[in-house]
Structures are given as C-alpha cells and as structure tokens.
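As they're listed, the protein sequences go chains U and Z. Take the first sequence: its position 80, counting from 1, is numbered 80 in our numbering, and each next residue is one higher. Each number in our numbering corresponds to the 1-based position in the second sequence with 99 added.
Worth flagging that the hints you see were computed from the coordinates, not collected in a lab. Source: prediction; values computed, not measured.
Here are the simulated BS3-like cross-link-like pairs (lysine-lysine), alpha carbons at most 25 Å apart as the crow flies:
| # | chain 1 | residue 1 | chain 2 | residue 2 |
| --- | --- | --- | --- | --- |
| 1 | Z | Lys-564 | Z | Lys-398 |
| 2 | U | Lys-67 | Z | Lys-230 |
| 3 | Z | Lys-285 | Z | Lys-339 |
| 4 | Z | Lys-460 | Z | Lys-133 |
| 5 | Z | Lys-186 | Z | Lys-239 |
| 6 | U | Lys-37 | Z | Lys-590 |
| 7 | Z | Lys-230 | Z | Lys-186 |
| 8 | U | Lys-37 | Z | Lys-230 |
| 9 | Z | Lys-363 | Z | Lys-564 |
| 10 | U | Lys-37 | Z | Lys-239 |
| 11 | Z | Lys-561 | Z | Lys-508 |
| 12 | U | Lys-67 | U | Lys-37 |
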Amino acid sequence: MQLRKSAMSGTLESSDAMVTLEPGGEGIRVEITSIVKAQYGRQIEACVRETLERLGVDNVKAIVVDKGALECTLKARVESAAFRAAEIDSGFPWGGAIK
Amino acid sequence: MENAVNRDIPDELLVEGREVYQGPNHRQGYRYKKASPKSFIQTERQEGKVVSSLREVLELIGFHDGMTVSFHHHFRDGDYVVNLVMKEIVDMGFKDITIAATSLGSANDPVADYIEQGIVTGIQTSGIRGKIGEMVSHGKLKTTAILRSHGGRVRAIEEGEVHIDVAFIGAPTSDCLGNARGKGGKSDCGVLGYHEVDARYADYVVVITDCLVDFPNFPPSIEASYVDYVVVMDEIGDPKKIATAAARFSTDPRDLLMAEYCAKVIEATPYFKDGFSFQTGAGGPSLAANRFLEPILRKHGITIGWIIGGITAPAVDLLNKGLVKTIIDTQDFDITAVESVGTHPRHFVMSTSQYASPSNKSAFVNMLDYVILAALEVDVDFNVNVVTGSDGVLRGAPGGHPDTAAGAKCSIIVTPLVRGRMATICESVVTVTTPGQDVDVVVTDYGIAVNPRRPELLEALKKTKLPLRTIEELQQEAYSIVGTPDPLPFKDRVVAIVEARDGTILDVVHEIDPIE
Chain U
1 MQLRKSAMSG TLESSDAMVT LEPGGEGIRV EITSIVKAQY GRQIEACVRE TLERLGVDNV
61 KAIVVDKGAL ECTLKARVES AAFRAAEIDS GFPWGGAIK
Chain Z
100 MENAVNRDIP DELLVEGREV YQGPNHRQGY RYKKASPKSF IQTERQEGKV VSSLREVLEL
160 IGFHDGMTVS FHHHFRDGDY VVNLVMKEIV DMGFKDITIA ATSLGSANDP VADYIEQGIV
220 TGIQTSGIRG KIGEMVSHGK LKTTAILRSH GGRVRAIEEG EVHIDVAFIG APTSDCLGNA
280 RGKGGKSDCG VLGYHEVDAR YADYVVVITD CLVDFPNFPP SIEASYVDYV VVMDEIGDPK
340 KIATAAARFS TDPRDLLMAE YCAKVIEATP YFKDGFSFQT GAGGPSLAAN RFLEPILRKH
400 GITIGWIIGG ITAPAVDLLN KGLVKTIIDT QDFDITAVES VGTHPRHFVM STSQYASPSN
460 KSAFVNMLDY VILAALEVDV DFNVNVVTGS DGVLRGAPGG HPDTAAGAKC SIIVTPLVRG
520 RMATICESVV TVTTPGQDVD VVVTDYGIAV NPRRPELLEA LKKTKLPLRT IEELQQEAYS
580 IVGTPDPLPF KDRVVAIVEA RDGTILDVVH EIDPIE
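Chain U on its own, in the form it takes in the complex (with noise of 0.2 Å):
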C-alpha cells in the first residue's frame, strides 16, 4: 500500500487509541505514549508494525497515543488510518484487512 499522505484515525478516548502516520524516511518507526506502556508498550509496538507490515506500508512513522486500546481496536485504527493515508475511499476490507 502506497501512502500519499499524513492520515489520522482513532480519539483520545478512554479504551481507544489516535494513530497518525506519516508517510517517508526509512523503514517503519514506531512512537508510543500510552497509559499501559510498561506492561503493553511491547506488544502495541509488535501489534502496529505486523498491521503495518501486512498492508504493505514499508516507508512511515507511526504516531501512537493509546488510551488503553484492546488490539482489535488498535488494529482498527491504523488499518483505517492507512486507507485514509493512501487515499482509498471505497472497497474497503470490512471486517479488517488483518485476520
């Protein structure tokens, strides 16, 4: 997946999470703030790169402030902010591109 530009998805709500990605630079770069880091700041990071990496995003930064999110909705979150990072607006996987 091509991203052509920053995109945003998620709110600061409690039990979510706000994922912004940046597209360019080297690789996938990861930034966390999150309420639960010491004991899931590990797998939010593995969880963001493996969403990352199977929508085929390679070159981004990924901005993370976690509110306590469940994975499936941190997955969520930065699968519905990479379609809006490439501009996709239809045919969307519902359902989640990730299984």
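Could you slot chain Z onto chain U? The hints should help.
Same frame as chain U, now just chain Z:
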C-alpha cells in the same frame, strides 16, 4: 524473607523487632503497654487558647527540625490545612519533617515539592495519591514511606511505632479552648473521627478552624482537654470539595450488573438475617448495591442492624426508611451524610480506633457480617491491591479495606474484569494490600469467584443462578481480552512498606523506572 502471602521482604527491613506478615492472627492476644504523649499541669484559670497565626503556634511549641506532624483527611480534595501548615513550616526554614497523615491526596500536591527539596523526609499514611505518590514511587523521598490501613495507623500510634509531635486538626468549628466539631461551620465535614487518636497521643495538638464559636462547642469530636492551641484562619478548605452533592446512582450497565450480583450474594449467604451488619465503599458498583439491597430487604422482611464506615446518601436513605437501625459513622462523603450525622437520633460518630484498630479491646470491624469493597487488582490467590496502579506507581489508599476484609464474616470485592487494557483479575497483584485469606467473594461483570477457603459460601451460592467461576477462569478470561502483561520495570530500591494491620510487613513497593 518470604511472608505468608509469598512476598519477598528484604532482610534489611526486618530490624527493630519488625516481622514479616505471618497470617491474620499472628499477634492475637499480644499484650503491650500503650505509648503516651507529653502533657502538662494546668491549674490556672484559662481565657482561651486562641493564637494569632500558625507561625506563632510553631514558635510557642518550639518547633524544630526532625519533627513528626499529623493531619486528617476529612476534607479530602477540599483540604487546605496540610498546605497552609507545611508552607509555614517550610517558610520558617525547618527540615527533616515527617508527615504522618490519615491520607494524602492531590489536594496536597505541594507536599511533593517539599519531598523533592528534601524538606519532607518521611511519609506515613493510609492513602497516597497525586504527585506525592509519583514522587515516592520515583525514589525522591529520603526514607522509606510506610503505608498502613486506618486501623493499622491507630495501632502504630498506640504501640508507639510512630510518635506524633504535633497534630494539626482542621476543624469546621471550634471554641476558644479547642472543643472541635465537624459541623456548624462553613467547611463542614460531619465527623472528625480519624484524628481522635492523634488528639490523644500527640505531644502538641493544634486545632485550626475557620469558624470560632461560643464555648462550649458541644458535643465535641475533639475534646478541649487534649488541645494546646487554637488558630483561626480565613479558610481551611473548599466546602464544595469537602462534602459533595450526593453521587447519582451509576447508570453504567456494568456497574449495575455487578451491584445486583453483590446484593444477590448477600441474599444467598447464611449471614443474611434480621439485624445483620454491613459496610460498603463509596465506589460506583458498591454504592449501587444499596439500591438492589432495598427490595431484597423488603422481600424477606429483614432490617439491617447497623452500618459503619464512610457514609453516603444511600445509607442515610436506608436509615430514614427504617431499613437500617443504626449508622456509626467514620467519614462523610456527601452533604446528605453530613446533615444526617448527629441530627438523626440513630446516626452516630466513632473514632477510627473504635472502628478498625487491632490494638484496642474491641473494634467494630470485628463484628461485621458483610463488607463490599473495590479493588485495583485481585490475583488468583485472592490477594487485593488498592495502592499501586498498573504502572506500578503509588496511587491509592488501603484505608479501611484490610481492616474490614479481615473482620467481616463475608468480604465481597467488586471490580470489573478489565478496565481499559488492564486485567483487574490477574496472576499476581503488583502490591498486596489485603491478604487473600481475608477475601471471600470476588464479583466481576464476567462472573463470581468464591475463595476456596470458604466452601460453605460456595455451597450457598451454588443454590442460586449466579454465574459462578473459579478465580483462575476469570483471570484467564481477562488475559484473553487484554493480553498477558509484561512485568513492570521496578528497581531494587524499596520506596514504601505496606504494613499489615498488625504491624508486620505485608509487602514492599519498589522504585519504578520511568519509561520513555
């Protein structure tokens, strides 16, 4: 050395007679000589003890470096007293101060700066929240903080484990000799029971009020016979934050479900009979349990004998409806409770000693049938943590939790299975504040677990339609939703001791490594 809740207590803490926790009744029957304060002979006639300022009081006392001062938390988030007194102590250049408070919260955030500056070097409290908790968790306090339950704090004072040099007692009303009450002024908190022990055991007792009333201010919560000085200030607290409007019943379906489970657990267990005793916390689901209790009481024609603890509007409501005979009050959380105490003929006050102390000859908690309590975490051994957050930082209050859980015939912990991405039911709590042996039933939105140490409760609940699970099943369900948490990045240094109510060491809190 490992203690009875499998926590490793560093040997260097086991000095001066300190022991590790060895079970709830390890010290049962131990006889001790009570500590005693310094006092003086007063033969002359008195015209009053009112002193013009805090500074003058500190000068009259001969305040010096290294003293231990105490405060109560009846004003909760509206408290000004701690900050007013500590500012004066700091402005006068004193240092090495220990604060022995009944609880410390975000209203006392300025104290965090005094910790960082090395002026406040000791903290002993039954609650630690806000910036003070962060400061201690990040290793900025020079000595090891000591966290005690409400009853444990009284015990520590009575056994002489902590000696209070000066107790500063914020009082909504006082007369010129220091008879102090929680009512009748502009900052009413209802009761002053938390500080009664301080009045009796501190060398100096200073009443701070913003409403001086005619002598005698009766019936007093703090008697003038203990009081050295009275200081009148403009404002000792923010009335809006001292006693809030009664909290509305939660409309959160999860809270309501858990509250209904709690009431049904009570209905189905053997101590539910006329005259039973009851205490509940002030959290959403605990409060809501009152609403589900009422129809059950009416259905069976049962009246609650007495309610104790922190009092809120729902308890007062049950009293006014004749569904509870007596309330004996330790703290008032809302205006309804403040108004009722001392007004309703069966709504009384008591000291924290009477309420929960293991070092007197009878405490109310030992007569409790049911208590409903909240938790930050519960583990598969039923140990409860109410003091450290999921990030390992101090942000809670043992309060009366360990005392009531130990005393009650049936202690019920009510907590959602997960909060955001935090598993409330976990493999091992960060910090043990109430030993699993004292916890009988855990109510969650995903089901109810009964402690295997209480087979008779399990048998009783099996006759109901309540969703019973094992604690391990609940823990696994929680982890299947949020994932298995990584261990917290603690350092070796111990920043706080969690004392069991009998004074043994239940657990320690380590310094947390800040994550970036």
